[in-house]
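Protein sequences, first through last, are from chains A and B.
Quick note on the working numbering: the first sequence kicks off at 15 and runs consecutively.
Quick note on the working numbering: the second sequence kicks off at 413 and runs consecutively.
Hint data in this document are derived by calculation from the structure and do not stem from the laboratory.
Careful: at least some of the hints might be erroneous.
With a straight-line cut-off of 20 Å between C-alpha atoms, the simulated EDC-like cross-links for lysine to aspartate or glutamate are [said to hold, decoys possible]:
id, chain 1, residue 1, chain 2, residue 2
1, A, 274, B, 708
2, B, 482, A, 223
3, A, 78, B, 731
4, A, 97, A, 74
5, A, 124, A, 86
6, A, 97, B, 731
7, B, 725, B, 699
8, B, 676, B, 577
9, A, 97, A, 80
10, A, 124, A, 74
11, A, 201, A, 223
12, A, 97, B, 755
Restraint ranges, calculated between C-beta atoms of paired labels, are given here [stated by the list, open to error]:
id, chain 1, residue 1, chain 2, residue 2, range
13, A, 116, B, 458, 45 to 55 Å
14, B, 551, A, 349, 53 to 63 Å
15, B, 427, A, 66, 53 to 63 Å
16, B, 427, A, 124, 44 to 54 Å
Positions of the beta carbon are idealized from the N, C-alpha and C atoms, including for glycine.
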Amino acid sequence: MKDEGGKKGLTSWPKSMLLLWLGLAAVAAAREDDGRLGLLRTPNNGMPAIVQPGSTFVVETLEKAELSLLRDSARVPLGVTWKEAPGSRFRGEVSVPTHASAGAYALEAKTNGSTDTTARAVFIVDAFPDYYVLAHLSDTHIGSDRHAQASEVIVGQVISAVNASEASLALVTGDLADQGTPEQFQKFLEVLDTCRVPTFVCPGNHDREGQNYENYFGPVTYSFLYGRDGYLAFDTKDFVIADEVGTQDGELQVMRRAIKPQRWSMGFTHRYDASMGMRAQLTLFVDDPLDYLFFGHWHRENTAEEAIVPWGTTKVSVVPAAIDGAYRLIDVTESRVLFRPVQR
Amino acid sequence: MSAWFTPWVLAALAAAPEGQIAYVSGTEQQDQRVCVLDLATGEGRPVGVGASDGAPAWSPDGARIAYHSKADPGLVIRVVNADGSGDMALPHQYGWNHHPQWSTDGCGRAVCKNKICGRYLLYTAEEGSGLDSRIMVYDTQSQTESPWAGGREGMMRPVWLPTLDLTRAKHLEEITWEGVDTPALMQELESVGGVLAVGVAQAETLLSTEVLLATASQAVPLLRLLTEESERYVEWAITPDRDAHRIAFESNDGGNREIFVLHKKGLTNVTNHRAADWNPVWGPSGEWLAFESFREGRQGVYRVFPDTALVLKVDASPDYSAWHPVWSPDSQWILYVSTGSGDPELYVTEVQTGDRRRLTNHVGIDDAPAWRPEVRQ
Numbered sequence: 015m016k017d018e019g020g021k022k023g024l025t026s027w028p029k030s031m032l033l034l035w036l037g038l039a040a041v042a043a044a045r046e047d048d049g050r051l052g053l054l055r056t057p058n059n060g061m062p063a064i065v066q067p068g069s070t071f072v073v074e075t076l077e078k079a080e081l082s083l084l085r086d087s088a089r090v091p092l093g094v095t096w097k098e099a100p101g102s103r104f105r106g107e108v109s110v111p112t113h114a115s116a117g118a119y120a121l122e123a124k125t126n127g128s129t130d131t132t133a134r135a136v137f138i139v140d141a142f143p144d145y146y147v148l149a150h151l152s153d154t155h156i157g158s159d160r161h162a163q164a165s166e167v168i169v170g171q172v173i174s175a176v177n178a179s180e181a182s183l184a185l186v187t188g189d190l191a192d193q194g195t196p197e198q199f200q201k202f203l204e205v206l207d208t209c210r211v212p213t214f215v216c217p218g219n220h221d222r223e224g225q226n227y228e229n230y231f232g233p234v235t236y237s238f239l240y241g242r243d244g245y246l247a248f249d250t251k252d253f254v255i256a257d258e259v260g261t262q263d264g265e266l267q268v269m270r271r272a273i274k275p276q277r278w279s280m281g282f283t284h285r286y287d288a289s290m291g292m293r294a295q296l297t298l299f300v301d302d303p304l305d306y307l308f309f310g311h312w313h314r315e316n317t318a319e320e321a322i323v324p325w326g327t328t329k330v331s332v333v334p335a336a337i338d339g340a341y342r343l344i345d346v347t348e349s350r351v352l353f354r355p356v357q358r
Numbered sequence: 413m414s415a416w417f418t419p420w421v422l423a424a425l426a427a428a429p430e431g432q433i434a435y436v437s438g439t440e441q442q443d444q445r446v447c448v449l450d451l452a453t454g455e456g457r458p459v460g461v462g463a464s465d466g467a468p469a470w471s472p473d474g475a476r477i478a479y480h481s482k483a484d485p486g487l488v489i490r491v492v493n494a495d496g497s498g499d500m501a502l503p504h505q506y507g508w509n510h511h512p513q514w515s516t517d518g519c520g521r522a523v524c525k526n527k528i529c530g531r532y533l534l535y536t537a538e539e540g541s542g543l544d545s546r547i548m549v550y551d552t553q554s555q556t557e558s559p560w561a562g563g564r565e566g567m568m569r570p571v572w573l574p575t576l577d578l579t580r581a582k583h584l585e586e587i588t589w590e591g592v593d594t595p596a597l598m599q600e601l602e603s604v605g606g607v608l609a610v611g612v613a614q615a616e617t618l619l620s621t622e623v624l625l626a627t628a629s630q631a632v633p634l635l636r637l638l639t640e641e642s643e644r645y646v647e648w649a650i651t652p653d654r655d656a657h658r659i660a661f662e663s664n665d666g667g668n669r670e671i672f673v674l675h676k677k678g679l680t681n682v683t684n685h686r687a688a689d690w691n692p693v694w695g696p697s698g699e700w701l702a703f704e705s706f707r708e709g710r711q712g713v714y715r716v717f718p719d720t721a722l723v724l725k726v727d728a729s730p731d732y733s734a735w736h737p738v739w740s741p742d743s744q745w746i747l748y749v750s751t752g753s754g755d756p757e758l759y760v761t762e763v764q765t766g767d768r769r770r771l772t773n774h775v776g777i778d779d780a781p782a783w784r785p786e787v788r789q
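Chain B on its own, in the form it takes in the complex:
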């Protein structure tokens, strides 16, 4: 072996993303199917039913995958085991059910802190016209579906609030708000848990959206409660960090779409660029956010350190698009979709080195990837 072939080089050569990735693959919308890619072998296998399957979401223990799929008519939430067995469709009250997420209390950490980790599936349900969407919660233990937020209409894309640290730090129970019993709200949050969701608001004569905090019986405008944020801005893509100490979302506050972070001390625009900035995704450590931006002319993937608003490019080019960033469980890699080779394919970039690798090579679309959570006992 030559002298340059040092252990450091060996280590660098050995660096490779590990684990499994669920994603959607197909040649057209109708045949899109949830698949699982094993990074050790490079082999992908279908696990979804293949009927316009939507973005997969891993359960916090990495055992199951939830996704939406075409029904006749509408969309149904399905749950399948990671090996493709046990596929089942949830029973629904409404026709169009989509974008499932799992409850994640304490998950992503060493162990689940309590029993309800991964117990609930949250999703949007609607009749398929107008803005009548609701938040529905399916309890996988009792196998029952219930509307949350008191059945309020105009709510969508719920995500679980993993802890109440931020709401406690902001003394939510001491805030008075017309029509809201905040002490009762906090009590319900403490006993069952809560979700963050996008809510449609009527600002003057126009529609708007805002960040809502919801329990089974209530929904309150979180930003208006905790900050001076007006309801006239249009907010979207809400995501709390692992411990819910900070909540990222996008807003058109400031003239174009930017990523904001709500934290104990207030609200910060962490991107602040004349190009649109979209879809924030917290890294597992809660230090960095990956996001999409058009600052090089086309959709690209970047990361930002919110404490200083330092932005670094992950993969962006005027010649192709890159989107849907996802962090590896060890924070070492960012997984995303790119059209660099023509069709949308999955790629990973090593965060520290910028080393980019293509993971799929398939005629058609490979999109909406989700990295399987690490299961640590």
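Just chain A, with the same shape it has in the complex:
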């Protein structure tokens, strides 16, 4: 009855009522209801902001909003400078108060009558260490029924191991879900949110079901800084034709140049081989080669012969599948980045 009445009434509703209805629809689509991103697009728990007190980070929303950090019962209101962004979105530069204490925060965005909250979207750190440990997971395949235990149980155990390690952040390089359905992404989020450290995700071939990945995590190409190091996530899409249509190639060039001055520049994606989109390869491995590239897809480790991108100097680490219980810890040091043996 509700659908029928709503459809019938739409054409005769006054404009203000229509806007109200659209606003309610946006609330219904918020992260907290069915897992899809709503008012608040970035940062989120697959692409969080890691910041120090007194510094800034950038948010992207569908509307201008009041922003707060939430942790336990504490609420930290945030100052924002808004700017309109292409695609009817808003980009805000957010100042983190100097008194904010270190830890993981949910980010809340409030407009007139609607609220959107994303867990683990902001991590405040007192300092960025010169030496830290990175966890690399891939191929979680949430929803797969090809294993002795449920996929979320296996991946949950891997995340528990990461929590018990000295890792400061984690990369999850694609095939997050087995068939890329909303239900599987929602289940993946439930598992991901048991991770105590910031988690950065990128899509894999199993995640490519319509716009589901983008609806749950936002952009497929992005970069971020962790202290003196720069990280760049990208999507290898349909491989040999990945550099033909869309914005990724141009974005990669801009992001690659942006992190070039950093101590280490590290890329992460789901899959690499030399037949992938050539423009991305020229940008990332030829003209300004990344120092390191992390990926999965193979469900096995790389061999010694596969330890370098054939175009140049970019060193490679491939981690076996988390759905098989595997992950790898990586030491990021002043002089080099060391890949520890795969843990199971």
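Given the coordinates of chain A, work out where chain B should sit on it, guided by the hints.
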């Protein structure tokens, strides 16, 4: 009518891009479909099958469109008439076939100079892993597919060499090169034609790419044959001008990606900027090159007059991206894709006035445009 409404104003108001544009439209990669936009009516209509359709390429007579599309598994080249009828998939030897181009002998001029104009479709074919790609040529008359360049692996993105003027001017047949019978190569070029393609080379221990000239049976490193260019630079996006008097391509020679032009007197860096410069596209008159550059922080569209390296902005901004420039057949307009309104949409800018117009308004992606060639009898 008021006095200011002069014939000049009327003419200016009447200036509008004309013709038809093939492009790719979709909300996501899987549903991307080749469409044709009629500039007279502003209406677009789908002509592709809509399965991850790739960039469309018009036949030189403007009658057909070639594009690649998803197969299971891999990619197949398809050809469809401009009105959407007669869609057919080519039979292939390899699984992944992509980026089709047409042979263009003498086309773009008043009339085709010989019978093979638009007869061949050239594309890249591979198994889908590693660098095993090959140049394949499909003869639309005999309906047969054959590997070119003697079946050499590591070759991609072929474009037809419309004339042999440059190779003749450089006396290619007199150059000796290890393993290459240059007189026989020239003979084959004269009788059947040739292509330019990107070839993967092994420079010391690293991979590299270079500009190759290929016939059905041979492939030779064109730059190394004609200039002092080293194989250690990585070249891409090769495009000859209408008469093949000059060949533009991009290279990382000089530290970052620049656009170079090979001509009778040698090789010239025509962009020379610390930002990356990509994807040169010759205007129909062969005087200007459109290209993409990041000199304003994001991907933008520019044009350069190669004779003096004069660079002019077409559309570029720190706030949005613009890419994939294409010239109108009369050289008056440059068509491209821009995110100025959010999603990638098609825009045109009038070359002389800078007047910019948005052509599409669609939720999702409109990309990879190609202007239908003018058919002049």
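A quick look at each hint next to the structure:
{"no.": "1", "hint": "A:274 / B:708", "result": "holds, 17 Å"}
{"no.": "2", "hint": "B:482 / A:223", "result": "holds, 15 Å"}
{"no.": "3", "hint": "A:78 / B:731", "result": "holds, 19 Å"}
{"no.": "4", "hint": "A:97 / A:74", "result": "holds, 10 Å"}
{"no.": "5", "hint": "A:124 / A:86", "result": "holds, 18 Å"}
{"no.": "6", "hint": "A:97 / B:731", "result": "holds, 11 Å"}
{"no.": "7", "hint": "B:725 / B:699", "result": "holds, 16 Å"}
{"no.": "8", "hint": "B:676 / B:577", "result": "holds, 9 Å"}
{"no.": "9", "hint": "A:97 / A:80", "result": "holds, 14 Å"}
{"no.": "10", "hint": "A:124 / A:74", "result": "holds, 13 Å"}
{"no.": "11", "hint": "A:201 / A:223", "result": "holds, 16 Å"}
{"no.": "12", "hint": "A:97 / B:755", "result": "holds, 18 Å"}
{"no.": "13", "hint": "A:116 / B:458: 45 to 55 Å", "result": "holds, 54 Å"}
{"no.": "14", "hint": "B:551 / A:349: 53 to 63 Å", "result": "holds, 58 Å"}
{"no.": "15", "hint": "B:427 / A:66: 53 to 63 Å", "result": "holds, 55 Å"}
{"no.": "16", "hint": "B:427 / A:124: 44 to 54 Å", "result": "holds, 49 Å"}
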